[in-house]
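Student: Protein sequences appear in the order of chains D and V.
The first sequence runs 34 to 144 under this note's numbering.
The second sequence runs 5 to 118 under this note's numbering.
Incorrect hints may have been included.
Said to hold, decoys possible - 27 Å max Cα-Cα, derived DSSO-like pairs, lysine-lysine: (1) 131/D to 40/V; (2) 42/V to 75/D; (3) 131/D to 57/V.
Unchecked claim - A few chain D residues that don't get close to chain V, going by computed Cβ distances all over 10 Å: (4) 34; (5) 46; (6) 50; (7) 51; (8) 67; (9) 82; (10) 89; (11) 100; (12) 114; (13) 116; (14) 136; (15) 137.
Just so you know, the hints here were simulated from the structure itself, not pulled from any lab data.
Backbone N, C-alpha and C fix where the C-beta goes; we use that ideal spot for every residue, glycine too.
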Amino acid sequence: RKEVEQDPGPFNVPEGATVAFNCTYSNSASQSFFWYRQDCRKEPKLLMSVYSSGNEDGRFTAQLNRASQYISLLIRDSKLSDSATYLCVVTHNTNAGKSTFGDGTTLTVKP
Amino acid sequence: DTEVTQTPKHLVMGMTNKKSLKCEQHMGHRAMYWYKQKAKKPPELMFVYSYEKLSINESVPSRFSPECPNSSLLNLHLHALQPEDSALYLCASSQGMGREFPIGFGEGSWLTVV
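Bound conformation, chain D alone (with noise of 0.2 Å):
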């Protein structure tokens, strides 16, 4: 079982519609989340942190279910331009803060 695991879509949507993405994790002392953006050829963004509280970026929101091992990435109100790869990331205190990424759940949103 990998680490890190995503559905790796693709993710179809049309413009407007919210579309929400989950990954889950195996191991149980992962204490940091991340998700990043990477659109084609080009190098992964931080698209925000992942909290126990949750947060929120304007059409973005992040959650964390610890007790589940999972994460999500909920968008709202799509845009054109959210077409991209969407990278799970997690790190955990027992290997000096080392990432493991998932494989990215891809998403096309269309006019």
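Given the structure of chain D, go ahead and fit chain V onto it with the hints provided.
Tutor: Just chain V, lined up with the frame of chain D:
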């Protein structure tokens, strides 16, 4: 705009060549990383430097040789590479190696081995 600068952006090299990838950051970050990314795959960690010392080597073949000349610079020396080493090489940095520090990537160097 990324605050981690990588050069060159594109590199084509033969299997007998020696070349280097360079990375620079001026944010005072104490941890720097090299990742390799193949198409449709996530970034794969190669090396981590913390306070200019190599702290993680993910069993990378010796044809890849990292170097950290100072706290702002990170190099990846390449020698006798194979065509399967063709990939996007990403440099990244973070404030520290603590679990709470997200990493920020440079734009990457596209490497083609012929």
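Student: Give a verdict on every hint.
Tutor: Against the structure, the hints come out as follows:
1. Using a Cα cut-off of 27 Å, the hinted pair residue 131/D and residue 40/V holds, with the two alpha carbons roughly 15 Å apart.
2. Restraint check: the Cα-Cα separation between residue 42/V and residue 75/D comes to about 12 Å, which is no more than 27 Å; the hinted pair holds.
3. About 15 Å separates the Cα atoms of residue 131/D and residue 57/V, which keeps this hinted pair within 27 Å; it holds.
4. The beta carbon of residue 34/D sits about 16 Å from the closest Cβ of chain V, which is more than 10 Å, so the claim that it is off the interface holds.
5. Annotated as non-interface, residue 46/D keeps its C-beta farther than 10 Å from every C-beta of chain V; the closest such distance is 20 Å.
6. Non-interface status of residue 50/D relative to chain V is upheld: no Cβ of that chain comes within 10 Å, the nearest being about 24 Å off.
7. For residue 51/D, the condition that its CB be more than 10 Å from all CB atoms of chain V holds, with the nearest at approximately 25 Å.
8. Some Cβ of chain V comes within 10 Å of the Cβ of residue 67/D; the nearest lies about 5 Å off, and the non-interface call is violated.
9. At roughly 6 Å from the closest C-beta of chain V, the C-beta of residue 82/D falls inside 10 Å, breaking its exclusion from the interface.
10. With a minimum CB-CB distance of about 17 Å to chain V, residue 89/D clears the 10 Å threshold, and the non-interface call stands.
11. Residue placement check: residue 100/D keeps its beta carbon more than 10 Å from all beta carbons of chain V (closest about 20 Å).
12. Every C-beta of chain V lies more than 10 Å from that of residue 114/D, the closest at about 17 Å, which supports listing it as non-interface.
13. Once the 10 Å rule is applied to beta carbons, residue 116/D is consistent with being away from chain V; the minimum gap is 15 Å.
14. A cut-off of 10 Å between C-beta atoms contradicts the statement that residue 136/D is not in contact with chain V; the least separation is 5 Å.
15. Residue 137/D, annotated as away from the interface, has a beta carbon of chain V within 10 Å; the closest lies near 6 Å.
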